[in-house]
Structures are given as C-alpha cells and as structure tokens.
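The opening position of the sequence shown corresponds to residue 5 in my numbering, with each subsequent residue numbered one higher.
Don't read these hints as lab results, they were simulated from the structure.
Positions of the beta carbon are idealized from the N, C-alpha and C atoms, including for glycine.
You may find that some hints are simply not true.
[Unchecked claim] DEER-style ranges, computed between Cβ atoms:
1) Glu15 with Lys48: 18 to 24 Å
2) Ala100 with Val36: 20 to 26 Å
3) Gly33 with Ala92: 30 to 36 Å
4) Leu50 with Glu97: 14 to 20 Å
5) Asn99 with Gly65: 16 to 22 Å
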Amino acid sequence: MRSGYRVVVSEQDRKRADLVIQIVALRFGVPVAAITHETRPAPKALRARRVAMYLAYVSFGWAQERVGHVFAVNRQTASTACRRIEDARDNAELNALLDELEGAIHAIVGEPEPDTDAPGATVAA
C-alpha cells in the first residue's frame, strides 16, 4: 500500500481488507504484493486492486473514506475505483464474478453492518 497516505485503522478493518485482497488475488491470479504495492500496478493488478476496494465497499457497507483508509489511498481514489467497477458491472461476466466474490466474503464474515464511522451515520437505539 502507499506509504504517503496512512491513517490508523482498526485490526478488524485490516483483517477484513486483507481477506478481500487475498480472495481477489486468488481469483484474478495476481500476487497479493502486486495489489498492495505502493506504486501504480500493472493493468491486471490495478483492476484487481479496484475490485478489492469495490468489494470492501459493498460487502462491508463501508464509506468510501473508510475504504481509502484501509487501502492507504485517499477517498477520491477509492471513490474512483468503486465507480469504475460499478460502471463495469454492465458486463455480465464481471457482474457474475463480483456476485460470486461478494457471496464468498459474506459466507466468511456474514452480512455487512451499518458503517457507524461514516459522516452522518446514525445508530438505532
């Protein structure tokens, strides 16, 4: 991950992000190091990194800022990654793959909980 942008994240968030990265790396046939490398990765690894950020966003219900913190990128970079992957879901093959990966993540960690760290988030009493 990038060394220039670091925010302390919880151990649980780190573990969840690591899980997503491992699953995506395995499914895309890309080394984990290529996804987490500090510099811009090769196109295949870049796509895998964007998919990992998107899956963390949708699978865990995290705010994009939180995704950015965990992946050591700013919110705008996380937002762009999520938008590009969401736009690419028009491709049936990619859509099926994302559904498969999201299902695998939910099978391991369960359904997402509301992101109480998000600005404006409220917690039911």
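Hint-by-hint comparison with the structure:
1. Glu15 with Lys48: 18 to 24 Å: 30 Å Cβ-Cβ, so the 18 to 24 Å window is violated.
2. Ala100 with Val36: 20 to 26 Å: holds (23 Å)
3. Gly33 with Ala92: 30 to 36 Å: violated (18 Å)
4. Leu50 with Glu97: 14 to 20 Å: holds (18 Å)
5. Asn99 with Gly65: 16 to 22 Å: holds (19 Å)
Checked against the numbered hints above, the structure breaks hints 1, 3 and satisfies the rest.
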